[in-house]
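Participant: Sequence:
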Amino acid sequence: MMRYSIAPIILLSSGMIIGYQFRITFARDLVSYLLYIMLFLIGLEIGSERVRIGKDDLLLPLVTVVGTLAAASLISPLIGLPLKVTLSVAAGFGWYTLAGPLVTSLLGAYAGALAFLSNLLREMISLIFHRTISKIGCNALIACGGAASMDTFLPFVVDACGPESGVRSFISGLILTLITPLAISFLSSLG
1 MMRYSIAPII LLSSGMIIGY QFRITFARDL VSYLLYIMLF LIGLEIGSER VRIGKDDLLL
61 PLVTVVGTLA AASLISPLIG LPLKVTLSVA AGFGWYTLAG PLVTSLLGAY AGALAFLSNL
121 LREMISLIFH RTISKIGCNA LIACGGAASM DTFLPFVVDA CGPESGVRSF ISGLILTLIT
181 PLAISFLSSL G
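Following full-length UniProt numbering, the numbering of the sequence shown begins with 1 at its first residue and continues without gaps.
Take the hints with a grain of salt, since some may be wrong.
Cβ pair distances, simulated, as ranges [stated by the list, open to error]: (1) 6 to 186: 33 to 41 Å; (2) 174 to 17: 15 to 23 Å; (3) 78 to 185: 22 to 30 Å; (4) 66 to 113: 41 to 49 Å; (5) 121 to 14: 19 to 27 Å; (6) 77 to 12: 33 to 41 Å; (7) 70 to 14: 19 to 27 Å; (8) 71 to 40: 30 to 38 Å; (9) 55 to 78: 18 to 26 Å; (10) 12 to 54: 33 to 41 Å; (11) 117 to 178: 22 to 30 Å; (12) 136 to 10: 18 to 26 Å; (13) 7 to 77: 25 to 33 Å.
Hints were generated in silico from the structure; no laboratory data involved.
Quick reminder that beta carbons are idealized off the backbone N, C-alpha and C, glycines included.
Assemble the whole structure, with the sequences as input and the hints as a guide.
Facilitator: Here you go:
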């Protein structure tokens, strides 16, 4: 079990070392194509299972939003940051490449850096501990993945929970991805 949790760290570290040593430039394009192929293959697997979309599949992203923002509200006074900052940071829902720049433009560099790092950490923790989190439940795993549940985190959900969870994961990630920019913009404008 531990080898599944540590594999992403070992692979990422190895890639960074090789990329640094050999200045590989085609990797960025290759990653995009491999991600598209992976999503296609997961789609084939999910489609072959004849999975149906239910109301619970649509409820999960709502529960994820409520839980994430409730946690941000509770932690705000403990860390001494304004509520609108913690809510805006949390509203990245794991989409660190959007949350960082968007929060920076709305609330400044400090809040933007916090948004980038906390959302990156959310995804990394979800990737590293996906097997452990899945023991709590597949919905918990999908919620932890946040917006990444529709793309980079999707294979980890399918691996830990089976193809039947793939559709729910994709739908949750898609909905969170669609509302993230709106949620950050709205929450950052609060008094």
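Participant: Evaluate each hint against the coordinates.
Facilitator: Now for the hints, and whether the structure bears them out:
1. In this structure the hint that residue 6 and residue 186 lie 33 to 41 Å apart at CB holds, the actual value being about 39 Å.
2. The hinted window of 15 to 23 Å between residue 174 and residue 17 is violated, with their beta carbons roughly 34 Å apart.
3. Separated by about 25 Å at the C-beta atoms, residue 78 and residue 185 satisfy the suggested range of 22 to 30 Å.
4. Here the CB-CB span from residue 66 to residue 113 is close to 26 Å, at odds with the stated 41 to 49 Å.
5. Taking 19 to 27 Å as the suggested C-beta distance range, the pair residue 121 and residue 14 conforms, at roughly 21 Å.
6. Between residue 77 and residue 12, the C-beta spacing of about 35 Å keeps the proposed range 33 to 41 Å intact.
7. Taking the beta carbon of each, residue 70 and residue 14 are about 38 Å apart, not inside 19 to 27 Å as hinted.
8. Checked against the hint of 30 to 38 Å, the C-beta distance between residue 71 and residue 40 comes to roughly 34 Å, which is consistent with it.
9. For the hinted restraint 18 to 26 Å between residue 55 and residue 78, the CB-CB distance of approximately 35 Å leaves it violated.
10. For the pair residue 12 and residue 54, the supplied restraint of 33 to 41 Å holds, since their beta-carbon distance comes to about 35 Å.
11. Judged by the Cβ atoms, the range 22 to 30 Å given for residue 117 and residue 178 holds: they are separated by roughly 23 Å.
12. For residue 136 paired with residue 10, a C-beta distance near 25 Å keeps the hint of 18 to 26 Å intact.
13. A hinted range of 25 to 33 Å for the beta carbons of residue 7 and residue 77 is inconsistent with their spacing of about 38 Å.
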